[in-house]
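Construct the entire structure; sequences and hints are all you get.
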Amino acid sequence: MKPSIAARNLRDMYRRLLRAYGLQDWWPARTPTEIVVGAILTQNTAWTNVQRAIANLRQARALSWKALRDLSEAELAELIRPSGTYRVKAARLLAFVATLGHEHGGSLESLLDGDLEAARRRLLAIHGVGRETADAILLYAANRPTFVVDAYTKRILRRHHMIEAGADYESVRELFQISLPADAALFNEYHALLVAVAKKHCRSRAACDGCPLAALPHDASL
DNA sequence: GACCAGGCACATC
DNA sequence: GATGTGCATGGT
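The numbering used here puts the first sequence at residues 3 to 224.
It should be emphasised that the hints constitute simulated quantities derived from the structure, not laboratory data. All figures in this text were calculated on a predicted structure; none of them were measured in a lab. We put the beta carbon where it would ideally sit given N, CA and C, even for glycine. Check before you lean on any hint, since a few could be wrong.
Cβ-Cβ distance ranges computed for the label pairs, FRET-style [unchecked claim]:
id	residue 1	residue 2	range
1	Ser6	Glu172	16 to 24 Å
2	Ala69	Ala217	49 to 57 Å
3	Arg10	Asp115	32 to 40 Å
4	Gly108	Arg13	34 to 42 Å
5	Asp115	Leu224	33 to 41 Å
Restricting the straight-line Cα-Cα distance to at most 25 Å, the calculated cross-link-like pairs of lysine-lysine (DSS-like) are [as the list claims (entries may be wrong)]:
id	residue 1	residue 2
6	Lys156	Lys4
7	Lys4	Lys68
8	Lys202	Lys156
Okay, structure coming up:
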């Protein structure tokens with residue numbers, strides 16, 4: 003697909019979703035610390051379970067870098083147990099805290115500021131931070147214009163013939179980056195709208211009925 | 001009871 | 001570079 007066509011399709015899709023669902027206000031005004039913690043805890047996990055874990059951390063007054071650093075891995079694991087894969091995630095949270103302390107003087111701003119792609123590479127170098135988590139942290143905690151690609155995003159774009167089967171993360175992200183203005187509020191909203199439409203209309207073939215994207219060329223079997 | 005959810009690291013080919 | 005596997009909970 004020619005880049006100009008893909009760009010037009012992406013913008014058309016956004017207009018349809020926004021008209022159908024309105025502003026989603028995803029991951030609004032919370033502390034950057036809580037957003038980073040949530041981004042790691044939500045890896046392959048339903049958001050309701052992440053909220054339980056975050057509630058535990060808040061209850062334990064552990065939602066700050068200093069408090070997290072002072073917890074043992076076992077203590078942290080116990081607090082975040084409801085979010086699943088808790089031993090893995092405890093190690094990842096502590097890896098993030100350690101990197102922040104050792105290489106950025108404990109300043110999240112210094113980690114996330116500066117050239118966007120450079121900041122993204124710094125995040126990706128942290129154990130436990132992959133592409134989606136890095137982009138979520140940059141977008142939601144620092145308001146940087148990087149698009150968060152998830153399984154829903156790929157599925158919808160695939161169904162609408164906008165990407166190839168098996169398209170990798172970076173190529174899908176790049177499609178958004180080059181097709182849309184670099185606007186964090188837009189990227190935030192677009193991603194939230196994709197999740198909303200997928201949850202409502204992509205669970206089964208029959209669920210396609212009433213989908214705001216049904217008028218666009220698509221293949222519901224994908 | 002299977003399947004999924006706002007993935008990632010690691011091993012293997 | 002692509003594919004397979006372990007991690008582990010709570011909801012449907």
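So, going through the hints one by one against the coordinates:
1. Ser6 to Glu172: 16 to 24 Å: 21 Å, holds
2. Ala69 to Ala217: 49 to 57 Å: With a Cβ separation near 50 Å, Ala69 and Ala217 satisfy 49 to 57 Å, so the hint holds.
3. Arg10 to Asp115: 32 to 40 Å: 33 Å, holds
4. Gly108 to Arg13: 34 to 42 Å: Check passed, 40 Å falls within 34 to 42 Å.
5. Asp115 to Leu224: 33 to 41 Å: Taking Cβ atoms as reference, Asp115 and Leu224 lie about 39 Å apart, which means the hint holds.
6. Lys156 to Lys4: 18 Å, holds
7. Lys4 to Lys68: Violated, because 49 Å separates the two Cα atoms, which is more than 25 Å.
8. Lys202 to Lys156: Given pair Lys202, Lys156 holds - Cα atoms ~16 Å apart, limit 25 Å.
Hint compliance for this structure: hint 7 alone is broken.
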